[in-house]
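Number of protein chains: 2
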Amino acid sequence: MSRPNRATSDTFSHTADRPAVTANGRTYAWPKQPAVVVCFDGCDPAYIEAASAAGVIPTIDRMRREGFATLALAAMPTFTNPNNVSIVCGVSPAVHGVSGNFYLDRETGAEIMMVDATPMRAPTLLAGFSEAGAKVAAVTAKDKLRKALGHGLVRDGLEGIAFSAEKADEASEAENGVAEIEALVGRRAPDQYSADLSLFVLDAGIRLLETQRPELTYLSLSDYVQHKHAPHAPEALEFMREVDQRLAQILSLGARLGIVADHGMSDMSVADGAPNVIYLSDLLDAAFGPGTTRVICPITDPFVRHHGALGGFVRVHLQRPGLSHSEVIDVIRQTPGVAMASPREEACLRFDLPADREGDIAVVARKGVALGAHARDHDLSQLSGERLRSHGGLEEQVVPFILSHPLKDNVPVPLQLRNYDVFSVLLNDVAT
Amino acid sequence: MSRPNRATSDTFSHTADRPAVTANGRTYAWPKQPAVVVCFDGCDPAYIEAASAAGVIPTIDRMRREGFATLALAAMPTFTNPNNVSIVCGVSPAVHGVSGNFYLDRETGAEIMMVDATPMRAPTLLAGFSEAGAKVAAVTAKDKLRKALGHGLVRDGLEGIAFSAEKADEASEAENGVAEIEALVGRRAPDQYSADLSLFVLDAGIRLLETQRPELTYLSLSDYVQHKHAPHAPEALEFMREVDQRLAQILSLGARLGIVADHGMSDMSVADGAPNVIYLSDLLDAAFGPGTTRVICPITDPFVRHHGALGGFVRVHLQRPGLSHSEVIDVIRQTPGVAMASPREEACLRFDLPADREGDIAVVARKGVALGAHARDHDLSQLSGERLRSHGGLEEQVVPFILSHPLKDNVPVPLQLRNYDVFSVLLNDVAT
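Top line first, the protein sequences correspond to chains A and B.
Take the first sequence: its position 59, counting from 1, is numbered 59 in UniProt numbering, and each next residue is one higher.
Take the second sequence: its position 334, counting from 1, is numbered 334 in UniProt numbering, and each next residue is one higher.
To be clear, the hints were calculated from the coordinates, so they are not data collected in a lab.
Wrong hints could be hidden among the right ones.
[What the hints assert, rightly or not] Take a look, some chain B residues computed to stay more than 12 angstroms from chain A by CB distance:
| # | residue |
| --- | --- |
| 1 | Ser92 |
| 2 | Thr108 |
| 3 | Ala117 |
| 4 | Gln192 |
| 5 | Asp330 |
| 6 | Arg333 |
| 7 | Gln334 |
| 8 | Gly337 |
| 9 | Ser342 |
| 10 | Glu346 |
| 11 | Asp352 |
| 12 | Lys367 |
| 13 | Gly393 |
| 14 | Glu395 |
| 15 | Lys408 |
[As the list claims (entries may be wrong)] Just some of the chain B residues that point at chain A, by a computed CB distance under 7 angstroms:
| # | residue |
| --- | --- |
| 16 | Val411 |
| 17 | Pro414 |
| 18 | Leu415 |
[Said to hold, decoys possible] Facing chain A, according to a computed beta carbon distance under 8 angstroms, are these residues of chain B, among others:
| # | residue |
| --- | --- |
| 19 | Ala94 |
| 20 | Gln245 |
| 21 | Ala339 |
| 22 | Arg350 |
| 23 | Leu394 |
No residue lacks a Cβ here, since even glycine has one placed at the ideal position from N, Cα and C.
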């Protein structure tokens with residue numbers, strides 16, 4: 001470690017009277033104890049229920065009993081990037097602009113991967129605290145997300161830290177605010193297709209708490225396990241047990257802990273195990289002619305092995321002048337397995353999305369159905385014969401929202417809580 | 001008229017420094033000019049577009065051009081009572097408790113019609129202004145709604161007025177704060193199954209503005225025309241023209257005007273004109289046995305002739321101990337035409353609904369599909385051979401939000417506006 005350790009007292013005596021920090025119109029009280037938010041990627045409430053019934057998550061069970069636990073809504077579409085960015089900005093995609101992992105630029109027609117902070121239009125509350133003098137750490141599973149979540153965090157004169165488990169071996173003071181992560185954690189950076197990727201994030205967070213004691217820590221896991229395994233599967237239960245043990249360590253270090261998920265997870269296979277997919281481009285090509293529409297799957301990312309770029313939400317762009325929006329939308333709505341199809345303006349209103357990055361039509365599948373472009377665009381061999389489990393639609397919007405501490409007496413239980421309210425509730429509304 | 005006329009100046013000189021009124025945690029500035037909100041029942045945005053294209057709504061067109069116009073979301077389920085009550089309370093059904101026209105009491109098993117103010121748990125902002133000394137008028141199409149919307153408005157010592165077009169001939173000072181409505185409007189109370197019911201509401205509002213000049217007026221129309229006629233039908237266009245002419249009169253009296261709808265309207269028939277209905281009780285009886293579930297259609301009201309109690313949203317109550325929620329929900333989700341099925345806790349989170357009045361499972365149909373209980377429960381002869389047009393689901397959540405005046409310069413265009421924000425925006429955010 002290149003920086004001196006800090007005392008691990010339960011409070012930051014020197015920060016007692018620090019003013020609140022404002023980001024994107026929301027105000028956050030300065031933490032009196034280290035505050036840690038875990039984004040438990042793909043942690044559908046069903047994983048909590050199954051693991052609790054199996055007795056493998058005593059820490060989470062205690063948080064639910066003695067702290068605060070409810071369900072919250074994730075931002076639509078229910079993908080990783082829009083929700084992680086929403087959580088660290090405290091606002092919806094309409095404000096911060098990241099409405100998918102991937103989008104079609106309406107101006108240029110170019111397909112844009114949201115692999116860094118470029119598409120972000122709002123500052124993060126993490127950067128806000130960092131600029132106000134707090135030590136802030138963001139640790140992600142995948143490096144693409146680190147670039148977005150660490151935006152404005154690692155700069156000269158600030159104490160910010162932002163790195164990914166995926167690229168832990170490449171971390172540097174200049175780029176990440178910390179180096180020699182593998183030495184810190186005590187093991188090699190894990191394979192990006194592994195359960196250990198998430199555990200490494202948690203272990204790194206624990207070691208940072210022990211050594212540098214950030215006022216604010218954001219730990220964003222990977223949904224590798226949830227894509228592969230249903231809630232009652234032994235692999236899922238084992239993963240939940242491993243995560244839970246690390247949450248216990250975080251609490252033992254005096255932190256206040258909040259847990260949310262970026263999205264839930266649904267089985268999208270039919271009874272015999274085959275993926276239950278609507279290939280929308282194939283359908284629309286047949287109805288209106290090849291190339292008249294373009295289907296964008298915003299789940300697409302460089303890390304697609306476990307879902308074949310198939311999820312419950314896609315965007316349709318009309319490519320032929322004069323093609324009737326209402327005819328296309330009618331064909332989509334009549335397709336069995338489609339729950340909703342909305343023209344752009346309605347989709348943006350309904351899902352709080354930025355209009356310039358929305359398709360002409362936003363399509364949501366019903367529970368258990370995946371949406372794709374052309375069948376040829378999706379490599380199902382990546383699934384290795386496993387059932388398709390994925391997310392993206394309305395049904396994966398319901399996620400756990402669990403805090404280590406109860407709410408203050410005078411704070412009403414919020415209505416229609418969002419996962420991106422977690423920093424606000426943890427910092428402002430939890431009993432001291 | 002039993003009360004003296006008031007001068008019809010454009011401003012209320014005596015109210016210039018009245019303090020703002022707070023209701024349900026929201027604050028509303030005292031109106032400087034008479035403020036009128038019209039709840040344009042069933043006015044899907046398609047009616048505005050069709051009528052605008054036909055050139056029959058010059059007043060609304062001018063409001064859209066020179067004032068403020070956008071789309072907003074109605075409260076779910078998209079029925080009349082939940083949305084009217086939301087609008088006059090400024091909050092969602094989770095707060096005020098009216099989550100349908102009709103519900104099953106979970107404690108007693110009794111089916112409860114929401115025909116009066118009994119189910120309301122929140123005061124209205126209309127009553128708040130009335131108590132603060134404003135003259136407030138609420139005129140509704142149907143009398144059931146008058147009882148709810150007039151709650152706390154007509155009392156000794158207050159100047160509140162609340163009556164319905166349906167029972168205009170029965171209005172009394174004691175019950176309605178005004179009598180002899182037919183003399184005021186200059187014609188007899190119309191039949192409740194008529195386009196004139198809405199026009200009578202508007203005419204009564206105009207006459208009240210001319211004679212009593214309320215500071216705040218709420219005019220709630222009927223969706224009789226929209227249930228019967230598609231947006232481009234001559235009858236719909238004629239109705240839009242008639243409404244528009246009355247809006248012009250309201251504006252000519254110096255009022256600030258806001259227009260929203262309680263819900264949109266969708267064609268729910270198949271190509272040959274037959275209603276496109278899923279009779280969910282019949283399906284669930286076949287799957288789980290007669291009487292094991294009970295389907296409540298919360299669109300039900302005493303005024304069902306034009307929709308046969310069929311809409312896009314129903315609640316399922318499990319009636320047999322031990323019946324598996326997840327098995328029932330799976331059967332519902334697999335039913336073609338169903339968009340979503342949510343267990344109670346998720347439905348309440350997702351749609352901001354009160355838990356004690358929610359079913360065990362809330363079901364939403366896809367666009368163009370109606371949900372019913374048993375086929376025998378629904379009298380389709382009421383449709384008189386017309387296509388079924390109805391509402392209740394997510395697709396009817398998108399409604400117009402149109403103001404006569406633009407927003408103040410420093411007010412950002414709100415994200416995810418709700419129809420029940422209309423009083424707040426009209427009173428607080430409109431340019432003076």
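Checked against the structure, which of the hints given earlier come out wrong? 1, 5, 6, 7, 8, 9, 10, 11, 12, 13, 14, 16, 17, 20
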